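Participant: What follows is the residue order along each chain.
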Amino acid sequence: MDHEAIYRAYAGTVVSINDSTGAFDKDGNKVTLDNTKVAEARKAIDDAFAATKYQRDRAAEYPTWQEQLDKIYHSGIDAWKADIKVIKDKYPKP
Amino acid sequence: MSQLKVNSIVPTGGLSSGANGGIIQIVQTVKTDTFSQSSLNDATFSNDTGLNVTITPSSNANKIRLTGSVVISMDQDWDGYGIGLFKGGSVLSGAVGDAAGNRTQCTSMSFAQSYGGESRTLPFDFIDSPATTSATTYGIRIIFFSGTSSSTVYMNRSQSDDNQVYRPRAISTITAMEVTT
Numbered sequence: 001m002d003h004e005a006i007y008r009a010y011a012g013t014v015v016s017i018n019d020s021t022g023a024f025d026k027d028g029n030k031v032t033l034d035n036t037k038v039a040e041a042r043k044a045i046d047d048a049f050a051a052t053k054y055q056r057d058r059a060a061e062y063p064t065w066q067e068q069l070d071k072i073y074h075s076g077i078d079a080w081k082a083d084i085k086v087i088k089d090k091y092p093k094p
Numbered sequence: 001m002s003q004l005k006v007n008s009i010v011p012t013g014g015l016s017s018g019a020n021g022g023i024i025q026i027v028q029t030v031k032t033d034t035f036s037q038s039s040l041n042d043a044t045f046s047n048d049t050g051l052n053v054t055i056t057p058s059s060n061a062n063k064i065r066l067t068g069s070v071v072i073s074m075d076q077d078w079d080g081y082g083i084g085l086f087k088g089g090s091v092l093s094g095a096v097g098d099a100a101g102n103r104t105q106c107t108s109m110s111f112a113q114s115y116g117g118e119s120r121t122l123p124f125d126f127i128d129s130p131a132t133t134s135a136t137t138y139g140i141r142i143i144f145f146s147g148t149s150s151s152t153v154y155m156n157r158s159q160s161d162d163n164q165v166y167r168p169r170a171i172s173t174i175t176a177m178e179v180t181t
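Chains as they are written, first to last, in the working numbering: chain V, 1 to 94; chain S, 1 to 181.
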């Protein structure tokens, strides 16, 4: 079962999910799931994740903060900004 | 095909002082799918996780040894999580740490060091004296503790669960063994 999508689709209703037995509310009552509603929630989650892909791509390539501070110390802010801009341009914000 | 039935088997050298009998029944549940509970309140046990085992003792004098391991994760950083051993829907008496002020009582515990997506495998081992010959159900529930917030907790998966090889699925087990006395 797609737990994240179910929690999003049934926010405030579904409290626990067991793949074997289904989704349940706070009182332990089984909640009947609408597959279309769950699929829409999955799409919203995937869309949100995709929209921030550039952030994860950039984060993976930025130098460590120690390296960035060293760059600033030895070469100045402009040189540091130039290095960072290469990465930002490589993964532009949509 | 012949069958040998005896009431008791004793080694030729005899039983050592204080030794009891042997294992006469083993029941195990292996949970291979996942469980989660959203917004689990601080220091509160989860609902039924589905990791339960039922055993019917053949004598009310016999003991039940419970062992297993549980794979859990949560979505909070720097907080703690654990498990509790339950019997019939209630915390199994003696299977949690002593009461000590506001401190949460649980059977086994761990802390996420830096990222709530970390998973832990928590073992447990406990001997119960159920004093019954009725079917008895033991189970494992998850608990979360931070002092400030709630968390979604998971069993048999990491917190992040996108479809990648680095988001594995695991198993959790509970085994009940009837030991004669």
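Honestly, the hints are just simulated from the structure, not real lab data.
Bear in mind the structure is a predicted one, so any value in this text is a computation, not a measurement.
No residue lacks a Cβ here, since even glycine has one placed at the ideal position from N, Cα and C.
Any given hint could be a false lead.
Below are the DSBU-like pairs computed for lysine-lysine, each with C-alpha atoms no more than 35 Å apart in a straight line [as the list claims (entries may be wrong)]:
1. V:K43 to V:K71
2. V:K71 to V:K88
3. V:K53 to V:K71
4. V:K71 to V:K26
5. V:K30 to S:K5
6. V:K26 to S:K87
Some residues of chain S that are not near chain V, with every Cβ distance over 12 Å (derived) [claimed, not checked]:
7. I24
8. I26
9. S93
10. Y154
Here are the computed distance ranges between Cβ atoms for each label pair [claimed, not checked]:
11. S:D162 to V:E67: 22 to 32 Å
12. S:V30 to V:A51: 33 to 43 Å
13. S:S149 to V:N35: 26 to 36 Å
14. V:K26 to S:G88: 12 to 22 Å
15. V:D47 to S:G88: 15 to 25 Å
16. S:V30 to V:T64: 12 to 22 Å
17. S:T148 to V:A60: 30 to 40 Å
18. S:R169 to V:N29: 57 to 67 Å
19. S:T44 to V:T64: 19 to 29 Å
20. V:T21 to S:G13: 42 to 52 Å
21. V:K26 to S:Q105: 21 to 31 Å
22. S:I26 to V:A51: 22 to 32 Å
23. V:D27 to S:G88: 32 to 42 Å
Participant: If a hint holds in the structure, say so; if it does not, say that too.
Facilitator: Hints and how they fare:
Simply put, K43 of chain V and K71 of chain V have alpha-carbon atoms about 41 Å apart, too far for the 35 Å limit, and the pair is violated. Between the alpha carbons of K71 of chain V and K88 of chain V the distance comes to roughly 17 Å, so the proposed pair stays at or under 35 Å and holds. Only pairs whose Cα atoms come within 35 Å are accepted, and K53 of chain V paired with K71 of chain V is accepted, the gap being roughly 26 Å. The straight-line distance between the Cα atoms of K71 of chain V and K26 of chain V is roughly 54 Å, outside the 35 Å bound, and the hint therefore fails.
Proximity of K30 of chain V to K5 of chain S is assessed by CA-CA distance (about 46 Å); at most 35 Å being required, the pair is judged violated. At most 35 Å may separate the alpha-carbon atoms for a hinted pair to count; K26 of chain V and K87 of chain S meet this at roughly 21 Å. At the 12 Å boundary, the C-beta of I24 of chain S stays outside the reach of chain V, the nearest C-beta of that chain being 29 Å off. Residue-level check passed: I26 of chain S sits 22 Å from the nearest beta carbon of chain V, beyond 12 Å.
For S93 of chain S, the requirement that its beta carbon stay farther than 12 Å from each beta carbon of chain V is met, with the minimum near 23 Å. Under the 12 Å C-beta cut-off, the non-interface status given to Y154 of chain S relative to chain V is violated; the minimum distance is some 8 Å. Evaluation of the 22 to 32 Å hint for D162 of chain S and E67 of chain V yields a pass: the beta carbon distance comes to about 29 Å. A beta carbon spacing of about 39 Å between V30 of chain S and A51 of chain V agrees with the range 33 to 43 Å that was offered as a hint.
For S149 of chain S and N35 of chain V, the hinted distance range of 26 to 36 Å is satisfied, since their beta carbons lie about 32 Å from each other. In this structure the hint that K26 of chain V and G88 of chain S lie 12 to 22 Å apart at CB holds, the actual value being about 21 Å. Evaluation of the 15 to 25 Å hint for D47 of chain V and G88 of chain S yields a failure: the beta carbon distance comes to about 45 Å. Between V30 of chain S and T64 of chain V, the C-beta spacing of about 43 Å breaks the proposed range 12 to 22 Å.
Restraint check, T148 of chain S to A60 of chain V: a C-beta distance of roughly 31 Å satisfies the suggested window 30 to 40 Å. At roughly 27 Å, the beta carbons of R169 of chain S and N29 of chain V sit outside the given window of 57 to 67 Å. Restraint check, T44 of chain S to T64 of chain V: a C-beta distance of roughly 39 Å breaks the suggested window 19 to 29 Å. Between T21 of chain V and G13 of chain S, the C-beta spacing of about 49 Å keeps the proposed range 42 to 52 Å intact.
Between K26 of chain V and Q105 of chain S, the C-beta spacing of about 23 Å keeps the proposed range 21 to 31 Å intact. I26 of chain S and A51 of chain V have their C-beta atoms about 52 Å apart, which leaves the hinted 22 to 32 Å range violated. Our hint of 32 to 42 Å for D27 of chain V and G88 of chain S is violated, since their Cβ atoms are close to 19 Å apart.
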